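S.K.: So the protein lines, in turn, are chains F and Z.
Residue numbers for the first sequence, in numbering that gives the first Met the number 0: 0 to 459.
Residue numbers for the second sequence, in numbering that gives the first Met the number 0: 0 to 459.
Just so you know, these hints were derived from the structure itself, not from any lab.
Heads up, a few of these hints could be off.
Which copy is meant is left open, because identical chains are indistinguishable; a pair holds if it fits in one copy or across any two.
Restricting the straight-line Cα-Cα distance to at most 30 Å, the calculated cross-link-like pairs of lysine-lysine (BS3-like) are [as the list claims (entries may be wrong)]:
1. K168 with K392
2. K79 with K174
3. K172 with K65
4. K346 with K323
5. K170 with K236
6. K79 with K323
7. K265 with K355
8. K174 with K335
Here the structure is a predicted model, which means the values were calculated and not measured.
Residue strings, one per chain:
There are 2 protein chains.
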Amino acid sequence: MVPSNVDTYVRQNESRFLEELLAFLRIPSISTLPEHKGDVAQAAGFVAESLRHAGLQNVEIIQTRKHPLVYADWLHAPGKPTVLCYGHYDVQPPDPLELWESPPFEPSLRDGNIYARGACDDKGQMYMHVKAVESLRAVHGGALPLNIKFLIEGEEEVGGESISEYVPKHKDKLKADVALVSDTELFADGVPTLCIGLRGLVYLEIEARGPARDLHSGMYGGAAPNAVYGLIELLSKAKDADGRIQIPGIYDNVASPEPAEIESWKALPFSEEDFRRNEVGATQLTGEPGQSVLARTWARPTFEVHGIAGGFTGAGAKTVIPAKAVAKVSLRLVPKQQPDRVLAMVKQWVQENTPKGIHTEVGVLSAGPAISVNPDHPAIHTAASVFSEVFGKPTVFIRSGGSIPIVGEFATHLGIPTVLMGFGLPDDGLHSPNEKYRISNYYEGIRTIARFLEAYGESR
Amino acid sequence: MVPSNVDTYVRQNESRFLEELLAFLRIPSISTLPEHKGDVAQAAGFVAESLRHAGLQNVEIIQTRKHPLVYADWLHAPGKPTVLCYGHYDVQPPDPLELWESPPFEPSLRDGNIYARGACDDKGQMYMHVKAVESLRAVHGGALPLNIKFLIEGEEEVGGESISEYVPKHKDKLKADVALVSDTELFADGVPTLCIGLRGLVYLEIEARGPARDLHSGMYGGAAPNAVYGLIELLSKAKDADGRIQIPGIYDNVASPEPAEIESWKALPFSEEDFRRNEVGATQLTGEPGQSVLARTWARPTFEVHGIAGGFTGAGAKTVIPAKAVAKVSLRLVPKQQPDRVLAMVKQWVQENTPKGIHTEVGVLSAGPAISVNPDHPAIHTAASVFSEVFGKPTVFIRSGGSIPIVGEFATHLGIPTVLMGFGLPDDGLHSPNEKYRISNYYEGIRTIARFLEAYGESR
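The task is simple: from the sequences and hints, build the whole structure.
M.R.: Here you go:
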């Protein structure tokens with residue numbers, strides 16, 4: 000491959016690009032924790048300033064009911080396509096804190112990686128877009144080879160309510176030919192990867208109540224309902240021993256992948272044993288029999304309990320029958336499953352399976368459908384070709400088991416597909432302690448994105 | 000009933016007796032929380048000082064590996080029986096704090112009750128023994144009508160390990176004819192009650208581990224084991240929908256109460272509907288079909304989950320597959336069930352029912368057998384007769400579903416029965432927010448205990 004000017008510019012500015020990202024990562028913009036609201040606002044300010052510095056115009060910090068959106072654009076390439084860059088500047092909580100080898104908001108460079116919460120998900124990846132635009136302007140004499148818009152949110156990790164409200168109300172402002180999102184990963188180290196499918200997500204909180212107050216288990220044990228045990232009984236019925244979801248109707252609309260897609264997965268460099276040992280780190284994998292690991296994580300719905308709390312869990316022994324217990328629960332959805340229908344099924348199932356003496360309530364934290372991207376779209380073609388060039392290998396098309404709800408909103412309200420071009424690695428530990436992002440992937444990501452924008456601009 | 004001198008003395012000193020108890024209740028002697036170790040020591044000092052003040056001799060604060068024991072005696076009544084008074088000065092944690100109407104360690108007098116953690120369990124009841132002895136000495140010219148020993152512990156709410164080690168090593172020092180414990184309740188308001196049966200307790204912590212670290216539920220959901228869900232699956236198998244324990248062998252040695260005892264329970268003033276509504280406060284009671292509520296809470300084993308924790312339970316949504324989860328679990332035991340055998344059954348059951356991909360470990364926090372007291376013992380006869388006199392009603396004989404492990408230790412190592420003479424009320428809220436103790440029961444308890452000691456001394 001012949002190095003382009005933009006490649007050279009990126010190489011010459013690597014250390015500054017890294018320093019800027021580290022400053023961004025130091026802001027603990029945890030969107031789910033109210034005590035970090037100020038930090039989230041600070042991160043929004045950082046994003047706005049970095050967009051201005053990159054030469055974007057009409058930079059706006061848009062206040063919402065929760066956390067701000069940041070918008071910016073550069074629209075001086077008439078006749079050229081428009082790309083809408085999306086990312087998020089908020090991060091997951093870092094707990095359990097004691098498992099971090101270096102503090103989550105004091106980025107540490109070790110073994111060629113940046114260790115920090117948000118290093119990969121999504122600050123590191125989002126910031127590549129900004130640096131790609133800066134690099135393109137530098138080598139194109141202050142102009143860009145196409146029109147570009149940025150819409151960056153601060154609520155991706157808490158359901159993305161504000162952007163969901165914003166997009167349908169600002170269709171003209173956000174009008175574009177394609178969206179570009181870097182919030183996914185390479186299938187394997189060095190393998191250029193485009194993601195063409197995402198699972199949807201329904202996230203719930205289920206609360207169980209039993210007795211009016213915590214009771215002494217000696218006096219009342221044997222006769223009083225136990226809220227913790229009631230919740231355990233309920234949740235245990237959600238899946239059979241093999242992991243098949245037992246909620247009636249849940250598999251009704253599950254679309255099977257095309258045989259060609261299943262066939263293509265078999266060619267991917269994937270070792271179930273490596274996955275089990277090095278990524279999951281458990282004695283055994285679980286899940287539906289007769290489905291491959293890739294099918295189970297990409298193309299099948301799931302029911303997971305993310306957390307549970309109730310009763311006494313301090314040191315020592317306390318003999319209470321707890322009055323209350325709560326669980327965080329989600330279902331990942333696959334194409335053709337409708338979030339509203341799934342929600343209704345789950346609520347009815349909870350009602351029908353709540354043990355006697357227990358009262359349950361279901362709260363909905365978020366709900367979004369699965370997404371499929373048409374691999375024959377011109378932007379996907381260009382992306383695949385640039386990606387292959389930069390990495391020197393054929394681009395693979397995969398799905399992701401994760402959920403990026405905004406991709407669905409862009410499809411529904413703006414009528415555009417999304418190029419899901421991510422540079423994370425499978426062991427980057429998103430949402431886990433010691434989240435990392437490989438420094439070389441950060442630089443290659445900037446180059447690839449800049450080259451994609453250049454090529455996509457030239458293609459029209 | 001003709002008032003005795005001791006009755007008069009108690010009545011004349013009521014307000015001072017109350018003030019002293021309030022001072023005792025202000026000490027947050029929560030034995031299970033390491034940060035309260037100093038408070039527990041302070042409570043031990045308070046007990047020692049109050050025993051000295053009451054005229055007891057040889058007062059000793061006995062250091063242990065955890066919390067001190069307090070010993071004292073008065074042994075100048077040759078030829079008279081010896082009573083060993085037991086109680087505990089430690090209390091349960093007060094959480095959930097937000098449900099207390101007044102702070103748990105700032106006793107509040109409302110509607111004839113003392114509201115405070117430990118008001119009934121067991122500071123208020125233990126302190127009655129001290130005040131009964133003080134009153135007896137006052138009316139017996141500085142002497143006592145019988146020999147008396149006190150052994151008060153500070154670990155009852157955390158398993159009582161230190162006293163369990165102490166008793167078998169000090170059989171001579173603790174030699175007595177009978178033990179006296181006030182850590183139970185009246186069957187109903189105004190009904191003199193002797194407890195002749197206690198359930199045993201095996202208290203466990205079960206930890207489940209799945210993946211090596213918390214995982215992103217999008218990337219891994221469908222293939223990675225979930226520690227929280229694994230623990231849920233395991234625990235859900237402990238009981239069927241009717242509350243019958245499913246651990247093999249668990250009912251093998253369960254002794255059925257004698258028909259006469261079951262008959263006597265039917266005569267007790269008990270309304271299942273009142274119990275459900277006013278004590279439990281749930282929509283329905285639970286437990287084994289075909290067993291009365293009294294049988295279920297007094298004479299049947301139980302399996303309860305006291306608390307569970309794992310994964311993310313903060314505000315908002317976090318999509319992790321948790322690596323670890325832990326539950327606090329206990330089984331209440333009935334006569335003839337051996338704690339060691341039950342422990343072995345539970346451990347084997349855990350091993351055999353742990354879901355695939357999950358690793359479980361069982362930690363034992365305490366284990367003690369159920370207790371039966373022979374109602375024909377002379378001390379029980381005397382206690383019943385004094386109790387009936389003071390309260391003006393026939394004494395009823397009941398069991399308690401709770402566990403007082405020391406009663407078993409006294410039987411095993413000292414060969415003595417225990418008079419379980421408690422003055423709590425069923426709605427006193429032991430281990431719950433707003434624990435209370437009725438002020439008049441405190442005074443009547445002091446009188447009844449003093450009269451019992453007097454009568455038991457005279458009976459020999």
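S.K.: A separate judgement is required for each hint: does it hold in the structure or not?
M.R.: How the hints compare with the structure:
no. : hint           : in the structure
1   : K168 with K392 : neither (41 Å within a copy, 77 Å between copies)
2   : K79 with K174  : within (13 Å within a copy, 99 Å between copies)
3   : K172 with K65  : within (21 Å within a copy, 68 Å between copies)
4   : K346 with K323 : both (19 Å within a copy, 27 Å between copies)
5   : K170 with K236 : neither (43 Å within a copy, 53 Å between copies)
6   : K79 with K323  : neither (59 Å within a copy, 52 Å between copies)
7   : K265 with K355 : between (47 Å within a copy, 26 Å between copies)
8   : K174 with K335 : within (26 Å within a copy, 77 Å between copies)
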